[in-house]
Every structure is written in structure tokens, then in C-alpha cells.
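Chains A and B, in that order, give the protein sequences. Note that the first sequence covers residues 1096 to 1304 in the working numbering. Note that the second sequence covers residues 28 to 277 in the working numbering.
Warning: the hint list may mix true and false statements.
Listed below are several chain A residues computed to face chain B (Cβ distance under 10 angstroms; list not exhaustive) [stated by the list, open to error]: (1) Val1132; (2) Pro1135; (3) Ala1139; (4) Ala1150; (5) Val1154; (6) Leu1181; (7) Trp1215; (8) Val1236; (9) His1239; (10) Leu1241; (11) Pro1242; (12) Val1245; (13) Ser1249; (14) Pro1256.
Calculated from the structure, these hints are not laboratory results. All C-beta atoms, glycine included, are put in the ideal place defined by N, C-alpha and C.
If you want the building blocks of each chain, they are given just below.
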Amino acid sequence: MNTARAELRKLLTLPSLRWTALLTWAGTALLAYAYGVTQPRGDATALAPLGYAQAGFLVLGVLAAAAEHQAGGQIRTTLIAMPRRLLLQAAKDLTLAAVTLPVAAVTAAISTLPAGGGTWTPAATAYLTLTTLLAAAVTGVVRHALPALVLLLSLYFIAGPLLRARFGAFSAYLPDTAALDQSRGAAATITWTVTALALAALTFNRRDA
Amino acid sequence: MVSPIRAELRKLLGLPTARVALVLGTLLAPVVVLLNAPYNRRALAAGTLPDPTQLGLRELGVGLIGALVLGVVVVSSEYTSTGDDAPGARQLTATLTAVPHRLRLLAAKTVALVLVVAAQAAVTAAGTLALTQALHGEYVPMPAPARVVAVILYWVLTALLAYAITLITRNGIVPLTLLILNSTVVSVSYLLTKVTDLAAYLPDIAGAHMFLRTEDFPVELAPVTAGLVMTAWVVALLAAGAVLFHRRDA
């Protein structure tokens, strides 16, 4: 319980996370407006801004996980206070999910409500939270913010669309298909996130800090 | 002026992230051409591919991420900590001790970045277009040399754009997110062109018109005008970055 409280305070006092959340909301509102002006109301219009807004959540996950590994080695202090690594990692994942959930809910609402797609809000909130956890897990393995971010963004915004355009049947296996088509990609998002979290926990447990 | 440029070139080419960006950025476009070859051949034979003459030029776009990353890390590497035990120590301190004249340092950095990105763009463009010729030669004519030069210019200007934004933010996260998000298939700038005609003057939309022709655009920019618009953006942002770099504490 103490560990969770400590992790929560660490996350809430990171200024970069606050900025990311604010910029994500602003960007989503702008996109929702752009889609609202040009496209008819409907499910596709409701979910379209989320395809871009998830970049903010990737950044959120990357920054939250990379903060521990920045120069200065905060992770070593953390491990002195809490040497049981798997428990620590679990606390980290849970607190990140708890912090992300409200940010994701607001983003999902900004995107879906104006286009009359309110029924999608809970699913979109869950998707964005899972995406943040996936990004944090990848960063936990990579340990540096910039390379992790380039990897994730190019997978989500360059490789993903290319693969979906050419191999349509393949899209149900990609982690980001659910952003635009919740019925097809949900299982993939959950599987990818859980696998990445497990891998991150294992490497964190075995590797030198 | 030659030795700071040589130093900056060695620093840039010594960064692991920059090396990955160089290799991947150069290989990505030819690999995409190869992967898309069966699909494109069928579409070309059936005549369903829109605007087949620009096929090679369009598929070059994916490699641009390499130029973006190069533009960002050439600045952000100066601001990251040099070691775990001295979180306040940054490479920029050492760099400024060696070259205290800040604008001269910035000029050397800019030249080094332009050289590396131009070389990468030339190799990638030549490889990708030659591969497209070899695979789909009967449908896709070789683009005019002026267009190939325009592509190289577009890569260099895009790298400089990333570089200028990083000079202002002093942190790679913001420019990378912004620019990678905008290089996706349906970019944010493209969406904005649906809302307002003015969005046609955004740097990435205008820049692409240096070598691509599109039909469904509200404002059709001539290639030279497009190049001037993008150059104006880059010059303005670079000037802002240079002023800040000159005035701010390192």
C-alpha cells in the first residue's frame, strides 16, 4: 500500500505528464472539431480523432516509465526503498493505470460525444489506458525515452497503417486496430499489452538496475 | 569554420540513435517498394492505381522518419545528461567550451546536418527510384531530375524543421511526436486542409508539392512556390531557434 502511494505521488508530481495530458486534450478537441465540420456524425467520426490522440497516451506511458531511468538513477533509490522488484513493478503498473484512466476518459469523451458516439466512450477509455500501459512496458525494456518513443510512434503511425492497407486480414492482430475498429482489435490490444507488461516485469526482475 | 563542422559531423555520426536512423531511414523506402511490389504490379496492370507515374516518389515518404530523427538528435543529444552520476552535466557545456561563439557553433551544426541528410536522401531516392524502375518500368517513367532534386530538398528541409523545433523546445519528445504523427498516411495537416484552405501553406503540405501533384487540393501550389513556402517556414523557425540558443543559458 505504501509502495502504491509512493508511486502515485511520483507520477502526480511529474510536470511532463501534466503537460502531455493538457496538450492531448487540446489536440483531441481540435481534431474533433475538424472532423465535426467535414464529416457526417457517426461512429467513424466519433472514433477518428482517437487514432491521433493515442500518440499523447504513448508519450504519457513513455515519460512515466522513463522518468525512473533518467540520469541521476532514481531507480536505484526506488529499489533501496522497495527491493521486491515484481511487487514494485505491479504497483507501478497499477498506479499508472489509475492515473491514466481519468485522462483517457476525458479524451474519449471529447472525441466521441460531439459526434454522437457516446456508447463508445467506455471502450475507448479502456483502449487508451491499455495503450499507455503498453508504452510504459516497452519503455521499461528500452529504458530511454527517445528511442522508445520513436519505436512506438513509428509502429503505430507508419508501420501499422501500411500493414493494414496491404494485408487487411492481418489487422486483427495489431495492437492499434482497436482504436478505429473496436470489435476487431480488442483481443489483440489486450494480448499485446499483457505480454509487454509480463516481459517488462521479467526483464526488470532479472537485469541490473 | 571547417574544424567545427568536422567535429559536429563526427559527433552526429557517433550517436547510436543517429546511426540507427541513418540505416533504417535509408533502407525503409526500398523495403516498402519490395513488399508492395506484388500488389502494385496487379494494380498497375489493372489500371486501378491512382496516378501511377508518381509511384516511386510517393513510396519514398516512409524513409523521411530517418531525417526527422537525425534533425532531432543533433540538438537533443547536447541536452541529455552525460552520465548517471552527474545528472546536471550535459554535452553542451563541453561543446560551448570548445566553440564559445554560439552562432558559429549553430552554423556548423546546421551544415553537418544538411550534409548528412542530403547524402542520405540522395542515396535513398536513387535506390528507391531505381528499384521502382526495375520492378514496374513499363508503367512508371523515371521522374525528371528536377523532381528528384526537389525530393532531396524536401528531406533536408524536413530535417531542418525538426532541428529548429528541437532548438526551441530543447527536448526531442515534442518535435518527434508532432512530426511523426504528421507523417502518417492521413496526416493532421491533410485533415486541416479540409477545414481551411490556409492549411495548404503548412510546411509539410506545401513541401510535398515540390515533387508531387495532387488533384483534390483546394490550393494548387506551383513547385517553386511550394519550395519557397516551406523554406520560409524553416527560416522563420530556425531564426527563432537561433535567437533562443544565442540568448538562453546553456
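Self-check item: Supplied contact hint for A/Pro1135, tested at 10 angstroms Cβ to chain B
Solution: Interface hint status for A/Pro1135: violated (13 angstroms vs cutoff 10 angstroms).
Quiz prompt | Restraint satisfaction for A/Ser1249 [CB to CB of chain B, less than 10 angstroms] | solution = holds, 6 angstroms
Quiz item: Does A/Val1236 pass the interface hint, meaning its C-beta sits closer than 10 angstroms to a C-beta of chain B?
Solution: Status violated, d = 16 angstroms.
Quiz item: Is the hint on A/Pro1242 kept, meaning its closest Cβ partner in chain B is under 10 angstroms away?
Solution: With a minimum Cβ separation of about 6 angstroms from chain B (threshold 10 angstroms), the hint on A/Pro1242 holds.
Self-check item: Residue hint A/Ala1139, partner chain B, criterion CB-CB below 10 angstroms
Solution: violated, 12 angstroms
Exercise. Closer than 10 angstroms between Cβ atoms is the bar; does A/Leu1181 clear it against chain B? Give me holds or violated.
Key: Given a least distance of 24 angstroms, the restraint on A/Leu1181 is violated.
Quiz item: For the hint on A/Val1154, does the least C-beta distance to chain B fall short of 10 angstroms?
Solution: holds, 6 angstroms
Practice problem: With chain B as the partner, please determine if A/Leu1241 meets the hint condition of a C-beta pair closer than 10 angstroms. | Solution: holds, 5 angstroms
Exercise. So, A/Trp1215 near chain B? Judge it on the closest CB pair being under 10 angstroms.
Key: Result: violated, 20 angstroms to nearest chain B Cβ.
Self-check item: Evaluation of the interface hint that places A/Ala1150 against chain B, nearest CB under 10 angstroms
Solution: Hint on A/Ala1150: holds, closest Cβ of chain B at ~5 angstroms, below 10 angstroms.
Quiz item: Holds or violated: is the Cβ of A/His1239 closer than 10 angstroms to a Cβ in chain B?
Solution: Nearest chain B Cβ about 9 angstroms off; hint holds.
Quiz item: Holds or violated: is the Cβ of A/Pro1256 closer than 10 angstroms to a Cβ in chain B?
Solution: holds, 4 angstroms
The earlier numbered hints that this structure contradicts are 2, 3, 6, 7 and 8.
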